[in-house]
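Given next are the chains, with one letter for each unit.
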Amino acid sequence: MLEILAMALQNIRRRAMRNSLTVAGLAVFVMIFVLITSFTLTVQSEVSKSLSDLGGEITLWSQGALLPFFGEIPENYTTRIEQIAYVENVSPQIARICSVDSQDLRLVFGLNPSDISVFYTYTMVEGTMINTNESKAVLGYLFADFLKKHPDDSITIDGHVMPVIGVFKTDTWMDNVVMIPFAVAQNNFSLSGRASIIMVTVTDPSQIDFVVSEIRNEFPNVSVSKSQEAASRLAPLMGSISVVSYTFSTIAGIACFFGITNVMLTGIIERSKEIGILKALGASGGDVTRMMLYESASLGAAGGLLGCSVSIALFLQGMLIPITSASVIAIQIFPEVFIYGFTLSIVISTVAALYPVWRAVRVRPHEVLKFG
Amino acid sequence: MGRREILKAQDLSKSYRMGKTDVPALNKVNLEVEKGDFIVIQGPSGSGKTTLLNLLGALDHPTSGEVWIEDANITRQKERSLSQIRCRKIGFVFQFYNLIPKMSALDNVQLPMIFAKTSKKLRREKAENLLKAVGLEHRLQHNPSELSAGEQQRVAVARALANDPAIVLMDEPTGNLDEENTQNIMRLLERLNKEMKQTFILTTHNVALTKYANKVHFLHDGTLTKSSKNA
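Keeping their order, the protein sequence lines are chains A and B. So for the first sequence, our numbering puts the first residue at 1; every next one is plus one. So for the second sequence, our numbering puts the first residue at 1; every next one is plus one.
Hints are computed from structural coordinates only; laboratory data are not their basis. Honestly, I wouldn't trust all of these hints.
Claimed, not checked - Here are the simulated DMTMM-like pairs of lysine to aspartate or glutamate, each with C-alpha atoms no more than 20 Å apart in a straight line: (1) K35/B x E70/B; (2) K226/A x D115/A; (3) K273/A x E34/B; (4) K102/B x E151/B; (5) K126/B x D164/B; (6) K126/B x E3/A; (7) K169/A x D145/A; (8) K126/B x D107/B; (9) K121/B x D164/B; (10) K117/B x E137/B; (11) K197/B x D164/B; (12) K78/B x E367/A; (13) K28/B x D164/B; (14) K197/B x E34/B; (15) K273/A x E79/B; (16) K28/B x D11/B; (17) K117/B x E3/A; (18) K120/B x D107/B; (19) K273/A x D60/B; (20) K102/B x D145/A; (21) K169/A x E270/A; (22) K215/B x E32/B; (23) K121/B x E3/A; (24) K120/B x E270/A; (25) K102/B x E270/A.
Claimed, not checked - Not close to chain B: a few residues of chain A, all C-beta gaps over 12 Å, as computed: (26) T42; (27) V118; (28) S192; (29) F334.
What the hints assert, rightly or not - Derived coverage of chain A by chain B (criterion: at least 3 residues anywhere in the stretch with Cβ under 8 Å from a Cβ of chain B; other residues may be distant): (30) 283-297; (31) 362-369.
We treat Cβ as the ideally placed atom computed from N, Cα and C, and that holds for glycine.
Can you make the complete structure from the sequences, with help from the hints?
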């Protein structure tokens, strides 16, 4: 078996240029797969993390909203939810994408001051947290750095000028947002009597399913989920991202598959005499099959290794996904994605070689050797 | 088969389908080969020499008739068994050498032994000895493109002997060589036949080569029409 493998490797070396190009094609496929899959998983992971960073154990949002933050539900639901057994805290919150100091697409959160410390863990970098319903704002430290704002400065949110009273840090994506009192957000964004989401905590974690069930019964037209499950509830957005991502990967894989089949078939035609010689010298169909599958699998392994290596190098250089003009998230490295990419490269190259191998096994020595 | 017979062909026929017509290539050929024979089958182009060797060498299937090699009826074997027979019992030498390009002479000679699962050490040792026997001990690491036509054919002869085959089939082995190299190759085969008792069947259109054989057959229009014995 080792001898056949050695012959396969020797065959690869004998056609160095063509096989290098095949390996490069496989590497590109692996890179596309790794980058797209990592991008998708990073987005899903970040959204999931963002929802859990919001705090609370149960989240309500408008059914059918593209993202939970940007729907609208009546604020007075809070009163009815507070009456459900085991409910501890209920917090209506508003999230809006606004223009902040001429920076478009900034996320502004409106929260009741008393809910902030209940639902979020933060430290103050400068100044104080909002503690009244006055028109004042606090900034996540990353956004504050970007705007070069400090307490006693002011910012303009959708035309409303507000003093900055503090800068906070959460070590989450919320470090890129602006926080203002819930009542001010309702007023400024014309959302009187409405909220984007309602967060709920319970007194007894073992009763969370009961509370979710009660809320669903009470409000059948609202999406309700435990915070940990929220990301999975983000269909169709996450589903759409996944479908687009995997479609690209699949197209790349199919292109690669046919490319390798074509290269191998061309190789079979060119090497039919050589295969005929081997068979005349006693090579069995199994020997020819093994030799050619080892060749294609080796090319797949080389392409997989190269693709994974280049992808890792790109990740280490910092592959960033821009969220807004000032904030980005780094694409995360998921080891399993590299393992899948490497394995896929071998599988595609091997499967793509099956038909050419079948053709090779059927080469009849007396026909290809007849004319020298 | 007799005690010394190592190959026997009985009523061997082969025809090829050309459109709706069957074109006969061999017609009821009978041949008996004993160990140590040096048989030359002489015939003009198109007489069926290559077809006959393909059938004797288990490279093709006859339309009718049977071939035995050392008591094994190779016309009734499956492809897997045939590859084993080709590997262990038959050596081939072709007109155009058919060495694997970009493989050294040493590697080319080792090839049949790889398929016979010979150990690496024994393989190399034997290949070196065979190349020495054909006078190419100084060309072990040369690729075919770095060898003359005569040297390439000598590598092919060494390769054919790699697995100690019962019989070596040679299809016009000197057909691509000049007179000097033809003489060299034929003297080499003669020596191997005498020293190693190696059995050879050689096809050629060159009547002059019949002098090296101990048995001569003539093939014409697919029929072995006449045979003679030199020794």
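Against the structure, the hints come out as follows:
no.: 1; hint: K35/B x E70/B; in the structure: 10 Å, holds
no.: 2; hint: K226/A x D115/A; in the structure: 18 Å, holds
no.: 3; hint: K273/A x E34/B; in the structure: 32 Å, violated
no.: 4; hint: K102/B x E151/B; in the structure: 15 Å, holds
no.: 5; hint: K126/B x D164/B; in the structure: 10 Å, holds
no.: 6; hint: K126/B x E3/A; in the structure: 16 Å, holds
no.: 7; hint: K169/A x D145/A; in the structure: 12 Å, holds
no.: 8; hint: K126/B x D107/B; in the structure: 11 Å, holds
no.: 9; hint: K121/B x D164/B; in the structure: 17 Å, holds
no.: 10; hint: K117/B x E137/B; in the structure: 24 Å, violated
no.: 11; hint: K197/B x D164/B; in the structure: 11 Å, holds
no.: 12; hint: K78/B x E367/A; in the structure: 19 Å, holds
no.: 13; hint: K28/B x D164/B; in the structure: 30 Å, violated
no.: 14; hint: K197/B x E34/B; in the structure: 11 Å, holds
no.: 15; hint: K273/A x E79/B; in the structure: 18 Å, holds
no.: 16; hint: K28/B x D11/B; in the structure: 4 Å, holds
no.: 17; hint: K117/B x E3/A; in the structure: 9 Å, holds
no.: 18; hint: K120/B x D107/B; in the structure: 11 Å, holds
no.: 19; hint: K273/A x D60/B; in the structure: 16 Å, holds
no.: 20; hint: K102/B x D145/A; in the structure: 65 Å, violated
no.: 21; hint: K169/A x E270/A; in the structure: 66 Å, violated
no.: 22; hint: K215/B x E32/B; in the structure: 10 Å, holds
no.: 23; hint: K121/B x E3/A; in the structure: 12 Å, holds
no.: 24; hint: K120/B x E270/A; in the structure: 29 Å, violated
no.: 25; hint: K102/B x E270/A; in the structure: 15 Å, holds
no.: 26; hint: T42; in the structure: 47 Å, holds
no.: 27; hint: V118; in the structure: 74 Å, holds
no.: 28; hint: S192; in the structure: 82 Å, holds
no.: 29; hint: F334; in the structure: 42 Å, holds
no.: 30; hint: 283-297; in the structure: holds (count 5)
no.: 31; hint: 362-369; in the structure: holds (count 4)
When held up to the earlier numbered hints, the structure conflicts with 3, 10, 13, 20, 21, 24 and fits the remainder.
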